[in-house]
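**Q** Below, each chain spelled out in residue letters.
Protein chains: 2
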Amino acid sequence: MSIIVQKYGGSSLADTEKIMRVANRIVSTKKEGNQVVAIVSAMGKTTDNLIKLAKEINENPSKREMDQLLATGEQISMSLLAMAIDNLGEKALSLSGPQAGIKTDSTHSKAMITEIVSDRLLDELKNDNIIIVAGFQGVTENHDIATLGRGGSDTSAVSIAAALNADLCEIFTDVDGVYACDPRIVPNIKKLSAVSYDEMLELANLGAKVLHSRSVEVGKSHNVTIHVRSSFNHNIGTVVKKEVSSMEHNGVITGIAHDFNIAKVVVFGVPDKPGVAARIFKELALANIGIQMIVQSAQTENQNDIAFTCSLDDAREAKAILEKISNDVGARDVVITENLAKVSIVGAGMMTHSNIASRMFGTLGKAGINIDMISTSEITISVIVNSDQCEKAVRELAEEFDLID
Amino acid sequence: MSIIVQKYGGSSLADTEKIMRVANRIVSTKKEGNQVVAIVSAMGKTTDNLIKLAKEINENPSKREMDQLLATGEQISMSLLAMAIDNLGEKALSLSGPQAGIKTDSTHSKAMITEIVSDRLLDELKNDNIIIVAGFQGVTENHDIATLGRGGSDTSAVSIAAALNADLCEIFTDVDGVYACDPRIVPNIKKLSAVSYDEMLELANLGAKVLHSRSVEVGKSHNVTIHVRSSFNHNIGTVVKKEVSSMEHNGVITGIAHDFNIAKVVVFGVPDKPGVAARIFKELALANIGIQMIVQSAQTENQNDIAFTCSLDDAREAKAILEKISNDVGARDVVITENLAKVSIVGAGMMTHSNIASRMFGTLGKAGINIDMISTSEITISVIVNSDQCEKAVRELAEEFDLID
Numbered sequence: 001m002s003i004i005v006q007k008y009g010g011s012s013l014a015d016t017e018k019i020m021r022v023a024n025r026i027v028s029t030k031k032e033g034n035q036v037v038a039i040v041s042a043m044g045k046t047t048d049n050l051i052k053l054a055k056e057i058n059e060n061p062s063k064r065e066m067d068q069l070l071a072t073g074e075q076i077s078m079s080l081l082a083m084a085i086d087n088l089g090e091k092a093l094s095l096s097g098p099q100a101g102i103k104t105d106s107t108h109s110k111a112m113i114t115e116i117v118s119d120r121l122l123d124e125l126k127n128d129n130i131i132i133v134a135g136f137q138g139v140t141e142n143h144d145i146a147t148l149g150r151g152g153s154d155t156s157a158v159s160i161a162a163a164l165n166a167d168l169c170e171i172f173t174d175v176d177g178v179y180a181c182d183p184r185i186v187p188n189i190k191k192l193s194a195v196s197y198d199e200m201l202e203l204a205n206l207g208a209k210v211l212h213s214r215s216v217e218v219g220k221s222h223n224v225t226i227h228v229r230s231s232f233n234h235n236i237g238t239v240v241k242k243e244v245s246s247m248e249h250n251g252v253i254t255g256i257a258h259d260f261n262i263a264k265v266v267v268f269g270v271p272d273k274p275g276v277a278a279r280i281f282k283e284l285a286l287a288n289i290g291i292q293m294i295v296q297s298a299q300t301e302n303q304n305d306i307a308f309t310c311s312l313d314d315a316r317e318a319k320a321i322l323e324k325i326s327n328d329v330g331a332r333d334v335v336i337t338e339n340l341a342k343v344s345i346v347g348a349g350m351m352t353h354s355n356i357a358s359r360m361f362g363t364l365g366k367a368g369i370n371i372d373m374i375s376t377s378e379i380t381i382s383v384i385v386n387s388d389q390c391e392k393a394v395r396e397l398a399e400e401f402d403l404i405d
Numbered sequence: 001m002s003i004i005v006q007k008y009g010g011s012s013l014a015d016t017e018k019i020m021r022v023a024n025r026i027v028s029t030k031k032e033g034n035q036v037v038a039i040v041s042a043m044g045k046t047t048d049n050l051i052k053l054a055k056e057i058n059e060n061p062s063k064r065e066m067d068q069l070l071a072t073g074e075q076i077s078m079s080l081l082a083m084a085i086d087n088l089g090e091k092a093l094s095l096s097g098p099q100a101g102i103k104t105d106s107t108h109s110k111a112m113i114t115e116i117v118s119d120r121l122l123d124e125l126k127n128d129n130i131i132i133v134a135g136f137q138g139v140t141e142n143h144d145i146a147t148l149g150r151g152g153s154d155t156s157a158v159s160i161a162a163a164l165n166a167d168l169c170e171i172f173t174d175v176d177g178v179y180a181c182d183p184r185i186v187p188n189i190k191k192l193s194a195v196s197y198d199e200m201l202e203l204a205n206l207g208a209k210v211l212h213s214r215s216v217e218v219g220k221s222h223n224v225t226i227h228v229r230s231s232f233n234h235n236i237g238t239v240v241k242k243e244v245s246s247m248e249h250n251g252v253i254t255g256i257a258h259d260f261n262i263a264k265v266v267v268f269g270v271p272d273k274p275g276v277a278a279r280i281f282k283e284l285a286l287a288n289i290g291i292q293m294i295v296q297s298a299q300t301e302n303q304n305d306i307a308f309t310c311s312l313d314d315a316r317e318a319k320a321i322l323e324k325i326s327n328d329v330g331a332r333d334v335v336i337t338e339n340l341a342k343v344s345i346v347g348a349g350m351m352t353h354s355n356i357a358s359r360m361f362g363t364l365g366k367a368g369i370n371i372d373m374i375s376t377s378e379i380t381i382s383v384i385v386n387s388d389q390c391e392k393a394v395r396e397l398a399e400e401f402d403l404i405d
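These protein sequences, in sequence, are chains A and P. 67 is the number that full-length UniProt numbering gives to position 67 of the first sequence; each next residue is one higher, with no gaps. 315 is the number that full-length UniProt numbering gives to position 315 of the second sequence; each next residue is one higher, with no gaps.
Please keep in mind that the hints were generated in silico from the structure rather than gathered at the bench. Any given hint could be a false lead.
In this list, chains with the same sequence are indistinguishable; a pair is considered to hold if it fits within one copy or across any two.
Said to hold, decoys possible - In the BS3-like style, the derived pairs of lysine-lysine whose C-alpha atoms are separated by at most 27 Å in a straight line are:
no.: 1; residue 1: Lys45; residue 2: Lys18
no.: 2; residue 1: Lys63; residue 2: Lys31
no.: 3; residue 1: Lys52; residue 2: Lys190
no.: 4; residue 1: Lys324; residue 2: Lys273
no.: 5; residue 1: Lys55; residue 2: Lys45
no.: 6; residue 1: Lys55; residue 2: Lys30
no.: 7; residue 1: Lys18; residue 2: Lys191
no.: 8; residue 1: Lys190; residue 2: Lys273
no.: 9; residue 1: Lys103; residue 2: Lys392
no.: 10; residue 1: Lys209; residue 2: Lys63
no.: 11; residue 1: Lys18; residue 2: Lys31
All values reported here derive from a predicted model rather than from experimental measurement.
Only chain A is shown next, with the shape it has when bound in the complex (with noise of 0.2 Å):
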């Protein structure tokens, strides 16, 4: 018998006759002759609704205070789901991330599970139950709930699927899986049927938000099958794992990946002498400031300027950082440039392919489009353009490396 832990999210389980249909969708599951555990989310506006009370309460609640809150959202949501099933006259059987063994550190609001103790979840399967467990949530230590931040249920997901060593993670969403590129800019984009945990880490990490970069990676760590599939029809997704042949890929290029939430901050004149771009990054790090692109640019013999993107919600705090530091570090001035995005091509066949960066330029300067910056890793080459050109950008990056049906 195998295995099979499911995943629904919100939107999904927004209403009682929505669950139901999950309901549905999980009693097939388990007469096709396989073992089901279900993690869920809240119901549709469940969490929004809570955060909206605490901050009619209290502006800036402790992040402790917030998890004890958000936990219910999913808890509501299981208990709805373990009802409907046995409605349907199956055994089922709801637990709470504390219930289920999902053990945490102590980081309020983006916990990481640390560990997942099975032996319920196990006794339970053997009980002939279909479990559904509170996806977002685990236990801390100290007996407190922490939950694991965005994309959290999907982590929790995959976690378990890895405690279980179960045969497959079906990620239920509302979309039909993850495309080569946003549908909403290239509406016949290709759809992509496989891609390897590496790609969609990439992917997830460049802004595809189908699926969380966390639960790839403990996907990838445990070699979790992971299929990513609409839980309003049942076709086919896309499967995530280690291989993809090249039966099932695309091309060179898999997917194209697009992020607005981006900017751009350069430090102009900075003294061209060791330890100073060594002492801007280490301020901003201690502010938990993700870097994402560097660029030095050596501006006059003995002056550079440092460029580097982050999301547009850490850059005022970068340039306040870096004014406070720049006469120590002698620099003459702090800019920040938003109205930007960024634009990757993400693929594994890069690398043997060594004409793929070339293509892609080529490709954007025909069309007019002004490269403000790149950056590169082995299967990813990203560049920062004007936002009001991204759009465009990822339209003719899809036809130029076939990625339209």
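Got chain A sorted already, so can you dock chain P onto it with the hints?
**A** Then chain P, alone, in the frame of chain A:
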């Protein structure tokens, strides 16, 4: 430093504004130099709304899953209240029933508290925290959540007060305390300044709804002083304790309870032979039907009628059970009478005054109120009357026994 346990009901926590008012009250208690543990119910209509959701999905949901679901109501109010206190500059920490060490048996939906493991409560008090505990819930040996049933949060509060050896347990509610009878019937009825555990138990069992009898039982067995008072003002309410001095007493009769949730079941023409009554009440007990008064009267030389009262909700089931066995026991007919009410006078002073019963029956007789059944205990006398005469009976008795201000 005194430990004060406070309990706030759902109507005191119905919206964020009311939660902030409760937070202020808790902080004042703390600032007066006390350690405070507050037990909370779910906000306003939360529990009703959760039940409605569940019923949409499954008309007869499992009790375990209902407990998993309903427990979220108290978890929401506990974390919001902790945030509100934090906003006032005091340290606060919310604990669910399981986190607070409230252990129960596994009778889902009406579990009994078996033990309170108070280590964490004591630790957090030592850390100068105000602790907010989710009422109405605990955890079974199997790590499942179990709710305590009606009046559960009161029971949580008094049990925690007992476990912490608290100096006082304040039950905040939407009325000013315990009145000698329902103030909706006699508006100028006396409020009781003090009442003994035994009297309060009788009043609670007989229909006074301010405090649930289970919480009074826990208070009695651990000698916890309980102060029932309003969360909407600072008036002194009613103190429930072991012994009430004559100074504190209203008179011989402490209060009058009434209860419309009552039905009479009469089994006609039962043969007058041993074992028949035993058989009848054994069958009813097996179905968990609580029997209140029993009257057996000889109809003919070798036939009896057996009449008893039970709650309205149970009457039809009782009739069905008795009809099923009526051939076995040789009964002629089973008849339910609804539209009844029970009116009871309660007072420890009754033990030393012999004319109370005759004063009661005389008063009712003079008012033209017919008495259907009578039962007495050490400190109560109860009569069954027609429901449309109930309020008149309460008014006449309140006057006779000098319970009007």
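**Q** Now tell me, hint by hint, if it's right for this structure.
**A** Hint check:
1. Proximity of Lys45 and Lys18 under a CA criterion of 27 Å is satisfied in both settings, with 14 Å inside one chain copy and 24 Å between copies.
2. In this homomeric assembly, Lys63 and Lys31 come within 27 Å of each other (Cα to Cα) only across copies, at 25 Å, whereas the closest approach inside a single copy is 41 Å.
3. Taking CA atoms no more than 27 Å apart as the test, Lys52 paired with Lys190 passes in neither setting, with 39 Å inside one copy and 44 Å between copies.
4. For a Cα distance limit of 27 Å, the shortest separation of Lys324 from Lys273 inside one copy, 19 Å, qualifies, whereas the shortest one across copies, 99 Å, does not.
5. Taking the shortest Cα distances, Lys55 and Lys45 sit within 27 Å of each other both inside one copy (15 Å) and across copies (20 Å).
6. When the C-alpha separation of Lys55 and Lys30 is checked against a cutoff of 27 Å, the pair qualifies only between copies, where the shortest distance is 24 Å, while the shortest distance within a copy is 41 Å.
7. Taking the closest pair of Cα atoms, Lys18 and Lys191 come within 27 Å of each other only inside a single copy of the chain (25 Å); across copies the shortest separation is 52 Å, beyond that limit.
8. Taking the shortest alpha-carbon separations for Lys190 and Lys273, neither the intra-copy value of 49 Å nor the inter-copy value of 87 Å comes in at or below 27 Å.
9. Taking identical chains as interchangeable, the C-alpha atoms of Lys103 and Lys392 are never at most 27 Å apart, the minima being 45 Å within one chain and 62 Å between chains.
10. Taking CA atoms no more than 27 Å apart as the test, Lys209 paired with Lys63 passes inside one copy only; the shortest distance there is 25 Å, against 38 Å between copies.
11. For a Cα distance limit of 27 Å, the shortest separation of Lys18 from Lys31 inside one copy, 20 Å, qualifies, whereas the shortest one across copies, 49 Å, does not.
This entry does not satisfy hints 3, 8, 9, going by the numbered hints stated previously.
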